[in-house]
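Engineer: I would like the entire structure built from these sequences, with the hints used as guidance.
Residue numbers (this note's numbering), protein chains in the order written: chain F, 1 to 344; chain L, 1 to 503.
Any given hint might turn out to be false.
[Unchecked claim] So, partial list: chain L residues that the calculated Cβ filter (under 7 Å) puts toward chain F:
#	residue
1	E66
2	R80
3	P221
4	R291
5	T292
6	V373
Just so you know, these hints were derived from the structure itself, not from any lab. Values in this document were obtained by computation on a predicted structure and should not be read as measured data. Virtual Cβ for every residue (Gly too), placed ideally from N, Cα, C.
Next come the chains, spelled out residue by residue.
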Amino acid sequence: MTQTGTRFPAMLANLNTLLSRYGESMMWLARYMERIENLARILEVTEAFVRNPDGSPGWDSILQINSDEERYAALYALPATEENILAFYITESTNPTSIRAMAHMVRENARSARPLISTEMWMQLNIFTQSMMELSTPDIRRNGLSGLCNRIKQDCQTHFGVTEGTLYRDQAWLFYLLGKYLERSDQITRLIDIRYHTLLPGGEISGSQMDLTQWGSVLRSAAAYHAFRRLQPVTTTPANVVGFLLKNEGFPRSLMLNLRQVENTLNALSTHYNLRHQCGPLQERIINLRATLEDQTAEDIISRGLHEYMTYIQDELGALQAKVSVTFWPIAPVMTRQTAVSSQ
Amino acid sequence: MNKPVLQSPDPSATSLSALAPAKAAAGIFAAYDTPDFFCELMRRTDDIPPALRTVRDRLAGFDLSELRHRTSTAETQLYRLGITFTVYSDREAIDRILPFDMIPRVLTAPEWDHIDRGVQQRVKTLNLFLRDIYHERHVLRDGIIPASLVLGNPNYCEAMVGVRVPGDVYVHINGTDLIRDSSGRFMVLEDNARTPSGVSYVIENRHMMLRLMPDLASGMPLRSVEEYGLKLHQTLCEVAPEGVTDPQVVLFSPGIYNSAYFEHVFLAREMGVPLVEGQDLIVENHRVYMRTVAGLRPVHAIYRRLNDEYLDPLAFNPDSMLGVPGLVEAYRRGNVTLANALGTGVADDKAVYAYMPRLIRYYLGEDPILDSVQTHICAEPEGLAYTLANMDKLVVKPVGESGGYGLLIGSQATQTELDEFRAKLLEDPSNYISQPVIDLSVSPTLCPSGVEARHVDLRPFALTGKNTWVLPGGLSRVALRKGSLVVNSSQGGGSKDTWVMAR
Numbered sequence: 001m002t003q004t005g006t007r008f009p010a011m012l013a014n015l016n017t018l019l020s021r022y023g024e025s026m027m028w029l030a031r032y033m034e035r036i037e038n039l040a041r042i043l044e045v046t047e048a049f050v051r052n053p054d055g056s057p058g059w060d061s062i063l064q065i066n067s068d069e070e071r072y073a074a075l076y077a078l079p080a081t082e083e084n085i086l087a088f089y090i091t092e093s094t095n096p097t098s099i100r101a102m103a104h105m106v107r108e109n110a111r112s113a114r115p116l117i118s119t120e121m122w123m124q125l126n127i128f129t130q131s132m133m134e135l136s137t138p139d140i141r142r143n144g145l146s147g148l149c150n151r152i153k154q155d156c157q158t159h160f161g162v163t164e165g166t167l168y169r170d171q172a173w174l175f176y177l178l179g180k181y182l183e184r185s186d187q188i189t190r191l192i193d194i195r196y197h198t199l200l201p202g203g204e205i206s207g208s209q210m211d212l213t214q215w216g217s218v219l220r221s222a223a224a225y226h227a228f229r230r231l232q233p234v235t236t237t238p239a240n241v242v243g244f245l246l247k248n249e250g251f252p253r254s255l256m257l258n259l260r261q262v263e264n265t266l267n268a269l270s271t272h273y274n275l276r277h278q279c280g281p282l283q284e285r286i287i288n289l290r291a292t293l294e295d296q297t298a299e300d301i302i303s304r305g306l307h308e309y310m311t312y313i314q315d316e317l318g319a320l321q322a323k324v325s326v327t328f329w330p331i332a333p334v335m336t337r338q339t340a341v342s343s344q
Numbered sequence: 001m002n003k004p005v006l007q008s009p010d011p012s013a014t015s016l017s018a019l020a021p022a023k024a025a026a027g028i029f030a031a032y033d034t035p036d037f038f039c040e041l042m043r044r045t046d047d048i049p050p051a052l053r054t055v056r057d058r059l060a061g062f063d064l065s066e067l068r069h070r071t072s073t074a075e076t077q078l079y080r081l082g083i084t085f086t087v088y089s090d091r092e093a094i095d096r097i098l099p100f101d102m103i104p105r106v107l108t109a110p111e112w113d114h115i116d117r118g119v120q121q122r123v124k125t126l127n128l129f130l131r132d133i134y135h136e137r138h139v140l141r142d143g144i145i146p147a148s149l150v151l152g153n154p155n156y157c158e159a160m161v162g163v164r165v166p167g168d169v170y171v172h173i174n175g176t177d178l179i180r181d182s183s184g185r186f187m188v189l190e191d192n193a194r195t196p197s198g199v200s201y202v203i204e205n206r207h208m209m210l211r212l213m214p215d216l217a218s219g220m221p222l223r224s225v226e227e228y229g230l231k232l233h234q235t236l237c238e239v240a241p242e243g244v245t246d247p248q249v250v251l252f253s254p255g256i257y258n259s260a261y262f263e264h265v266f267l268a269r270e271m272g273v274p275l276v277e278g279q280d281l282i283v284e285n286h287r288v289y290m291r292t293v294a295g296l297r298p299v300h301a302i303y304r305r306l307n308d309e310y311l312d313p314l315a316f317n318p319d320s321m322l323g324v325p326g327l328v329e330a331y332r333r334g335n336v337t338l339a340n341a342l343g344t345g346v347a348d349d350k351a352v353y354a355y356m357p358r359l360i361r362y363y364l365g366e367d368p369i370l371d372s373v374q375t376h377i378c379a380e381p382e383g384l385a386y387t388l389a390n391m392d393k394l395v396v397k398p399v400g401e402s403g404g405y406g407l408l409i410g411s412q413a414t415q416t417e418l419d420e421f422r423a424k425l426l427e428d429p430s431n432y433i434s435q436p437v438i439d440l441s442v443s444p445t446l447c448p449s450g451v452e453a454r455h456v457d458l459r460p461f462a463l464t465g466k467n468t469w470v471l472p473g474g475l476s477r478v479a480l481r482k483g484s485l486v487v488n489s490s491q492g493g494g495s496k497d498t499w500v501m502a503r
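Structural biologist: Right, here's the structure in full:
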């Protein structure tokens, strides 16, 4: 490494000055905000619509979606009760998948990327994360779970709107999008996997008694209910629901749409920012992954093993995230807490 | 923004009867009273300048409850915008705002001209002094300042000996703490030539003022503070290593856990340069690079907001997790510029402060434009004798300490305390200086019980590249507790917008 800035035209040098750490922070900022919104939606839908065979709310299924059974069991007794689940997922700061812990991560990433993000973004995130970190059990009781979850969803959506409207479009924006689309892809596979198997434990497609409320709840958990209704006014079959959530090209949370967006984002990074070399292997991976989805119908996927396919997608997305990390921020940042090093 | 405790007022100070009290002002100033101090707004030795009269009269017409309402709006906004400093308790990080007082501190054009010239003179001297002590050391050989005071100073930096820095500039960013005595005379309390902070509040306070008090500022000939970021970037480009035509500037911050992180973000954004932490920088072949998504990119000028000892674990504190190994050697070879330079702490030291008037005369052949607080150097026999004879009237300070530690305020000490301090002083006289107590000026400030007089100081910021430029105004800090002389943000200090009148 002997080149100096003077050997390159100024334009090119400026194009490539996004710090690795900023790229990482932007990506995780988007992922955590997306995760918080999803969790709020799932909590709300579970309370209202998701039922165990005995008619009680299916709180356990949230633990399965997030692969949190072990962590939960270490803190609370099973089977899960409403009170404990809400504590675990909303206020428990030692649980990294709780809203409080995720809000903390959002805050740290936003603070780290603060020189880049707009003042409006910072201000909204500052207020939002502060209020999430101060949430207490009485707050939940006072507002009702549904009221609280709606507020959280709206705050997340406000964030996405403010970001869309104010964040300068450069590499930072693209890393932000990459995080958002990867997170949505991952979330939808988890939701489908768990809910499908809770509703159809044997995996049988035909002949089973359809519980429309329960299948509606699967769609509602992904904010997909009315979109699905417009497309399928008559026939709600498990395969139709799975097909919609995985393959629909117009639904903003479908796996297909989000894999395409990941691909588009990588294309933009590659062509607009002279990162061909870095993006090539990532683009190849995502194209291959998308092909596996295009080449199968929902029925194919179900009959070959929905769970296996969802696991495969999750593994591939995890591998992609890891590859993004080693490509763009090869050295893991050390978050050290040190203060008072300058005292004037 | 820690600074020493300011001196306590001396009850036996000269009476102010010679000064004409201002005509009683009505409205919110009806009960305003400034017994023994110079008031920045009301009481001047001469007639009140027209600009100040306008401010006073407009303010007088405000309703107290309206002012309070605007204040709480301002504070909510500051909090939401994250214009905060972070205080750490055992478990949590708490964001605090610097309390903001809506009544501005106003400086007239002639007052500012005086300060501007005085600060420039001081910065010039600091730079000449630093160049000299790290090279020829004429000042030591000529006996202007004791060699032991300089070479034995904990902030003296051996690594800087013989190292040439671009333009011979060491102190690129300087903050000069000024106070005003009972006659309204400006005096330098101390120089901050290492990593002075607070400039972000100067600019944010102005924004807040214009948003919330447009009716007060309307039509006033205020000098703008908007230029600071551009000027800072320009300054850093001017002192980049020779031969670099399009220098990459970065701001080097200790990171999100530093209490001044907001200011680092603010300045990086204003300059349009990356804010880097130690982990973002790497030194290869004695050149500095930053890690970007496209690989390593060269860095030419670093505005560092870390103290010397944290910069490079190879050169200084080996335990520092914040620094960049090899940075100091890259700097010594002239491949990167650090602002401020290493080893500037020796120049803003308390004992060196005592010699500043002599240094100004020595290097520039001029009389100091800004007065210093009269300082008795206990290392010198006459200084020690005077200090011992007048201990009960003086403030005695250890030279190596900052933050107001270990000092004696004679007028407030008991006989036992005086005796104990006398023993300490005699044990190591060269570790002490003494100064008379100064009556700090006051400014009308919105307090729970109405508008009252509170003590203020002023920190103007000077940038030096090819030339020196002083940001019009500076940070006015105000001690919000009645009678308090401590303007520290950590001890109940707040801030005011500082208005410099263009005419």
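Engineer: Taking the hints in turn, state whether each one holds.
Structural biologist: We went through each hint and held it up to the structure:
Against a cut-off of 7 Å between C-beta atoms, the interface hint on E66 of chain L is violated, since the closest Cβ of chain F lies about 25 Å away. Because the closest C-beta pair between R80 of chain L and chain F is about 5 Å apart, less than 7 Å, the hint holds. Below 7 Å, beta-carbon pairs count as interface contacts, and P221 of chain L has none with chain F, the closest being about 28 Å; its hint is therefore violated. Evaluation of the R291 of chain L hint against chain F yields a held restraint, the C-beta minimum of about 5 Å falling below 7 Å.
Because the beta carbon of T292 of chain L sits about 6 Å from the nearest beta carbon in chain F, less than 7 Å, this interface hint is met. Violation of the interface hint for V373 of chain L is found here, the shortest Cβ-Cβ separation to chain F being roughly 19 Å, above the 7 Å cut-off.
Violation of the numbered hints given earlier is confined to hints 1, 3 and 6; the remaining hints are satisfied by the structure.
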